[in-house]
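There are 2 protein chains.
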Amino acid sequence: MSLVIDALAQSILFRDARTANAFTDEPVTDEHVRAIYDLVKFAPTSMNQQPLRVVLIRSQGARERLVRHMAEGNQAKTAAAPLTVILAADYEFHRELPAQFPHFPQAKDVVFAEREVRVESARFNAALQVGYFILGVRAAGLAAGPMTGFDAEGINKEFFPDGEHGVLAVVNIGKPGEQAWLPRLPRLEYDEVFTTE
Amino acid sequence: MSLVIDALAQSILFRDARTANAFTDEPVTDEHVRAIYDLVKFAPTSMNQQPLRVVLIRSQGARERLVRHMAEGNQAKTAAAPLTVILAADYEFHRELPAQFPHFPQAKDVVFAEREVRVESARFNAALQVGYFILGVRAAGLAAGPMTGFDAEGINKEFFPDGEHGVLAVVNIGKPGEQAWLPRLPRLEYDEVFTTE
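For the protein sequence lines, the chains are A and B, in the order given.
Residue numbering for the first sequence is 1 to 197, as defined by the UniProt record's numbering.
Residue numbering for the second sequence is 1 to 197, as defined by the UniProt record's numbering.
It is possible that part of the hints are untrue.
Which copy is meant is left open, so a pair is good if it fits within one copy or across any two.
Said to hold, decoys possible - Below, a list of computed lysine to aspartate or glutamate pairs in the EDC-like style, where the Cα atoms sit at most 20 Å apart: (1) 157 x 197; (2) 157 x 92; (3) 77 x 197; (4) 77 x 64; (5) 108 x 192; (6) 77 x 92; (7) 77 x 25.
Quick caveat, the hints were computed from the structure, so don't treat them as lab data.
Make a model of the complete structure from these sequences and hints.
Okay, structure coming up:
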């Protein structure tokens, strides 16, 4: 059974792409980031809610404020990456919903009135978008180093003091450097993942 | 700024791909599903934990058991789709972790001893994999109709009575049929999503 995207795209996005832990000094520009967003923004979310928000860490001060909340094993590579981004869920995404989902403008107040409901929906849908974003980085010819090893509460207090956002992942981005990754780890077999009813 | 995957792959995966609500009668075979998994299994998860589990709904009985837990607006299309799958997070993914993440086999008992920690990690990482899976369906030349409008507790009791899994999404899959979708909804502007520090 053949796929309809070509072998090169399969390779770039999935088969040969790897999580990078080291990068060259080549910068990642805002134009790169715009090209990534202009591709991945089309991928679907529930009711088109698009809760992902992204903080680009550009200043040395912001990088230091971030690195201190990373797990020890993630600090050096985050300090050195050409670009690091914080990917977060916006728990107040419903404010944009009447414009983004005009079929059901009441959803803002009917479905998403309670913060608890918004948090669950935002975290799930922003996680979908984290997946899309990682693949978008690869589609731009760059390597992603997504990380979940950090003090989430610390990052939230530092970067989202309004309490309206929750960090989901921090991603280093750049051209892969020397010894950027270890050998690929195994994957579950089809029969370990899929069952039929 | 150009992307490194070609325009056709960009179109198939993102730009022209759409969430489908109607499908032709053409079957979706297990070979299709295997080709999708053989591509998307390579995309990254935290500590390679791969918590996504997939139930293929093939029998009429299973379809009826599922449809009754779908939101009213999702019932008819789920009853009629060539293939419907339940995408769930496995809260006991840590059992496979020593084999899947041999760098740190103690993670099973040190990091993931508590169910609450496993549930949060599994739900986030399986959501990443839901995003990868949707794009994999498209990479196989099929259309996906992902849905989150259902009674999650009802589906969990019906299909995962062991209490070890939590449904995240139900996805209809097939070749798009007549009037498969409405006009595309808007997307947030770059400046509504990205900030710089």
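Here's how the hints hold up against the structure:
For a Cα distance limit of 20 Å, the shortest separation of residue 157 from residue 197 across copies, 15 Å, qualifies, whereas the shortest one inside one copy, 45 Å, does not. For the identical chains of this complex, residue 157 and residue 92 are intra-copy neighbours only, at 17 Å inside a copy versus 31 Å across copies, given an alpha-carbon limit of 20 Å. Proximity of residue 77 to residue 197 under the C-alpha cut-off of 20 Å is restricted to the inter-copy arrangement: shortest distance 19 Å between copies versus 45 Å within a copy. In this assembly of identical chains, the alpha carbons of residue 77 and residue 64 lie at most 20 Å apart only when taken from the same copy (12 Å versus 50 Å across copies).
In the homo-oligomer, the alpha carbons of residue 108 and residue 192 lie at most 20 Å apart only across protomers (18 Å), although the nearest pairing inside one protomer, at 39 Å, exceeds that limit. Proximity of residue 77 to residue 92 under the C-alpha cut-off of 20 Å is found in neither arrangement, the shortest distances being 32 Å within a copy and 30 Å between copies. Taking the closest pair of Cα atoms, residue 77 and residue 25 come within 20 Å of each other only inside a single copy of the chain (12 Å); across copies the shortest separation is 50 Å, beyond that limit.
Hint 6 from the list above is the single one not met by this structure.
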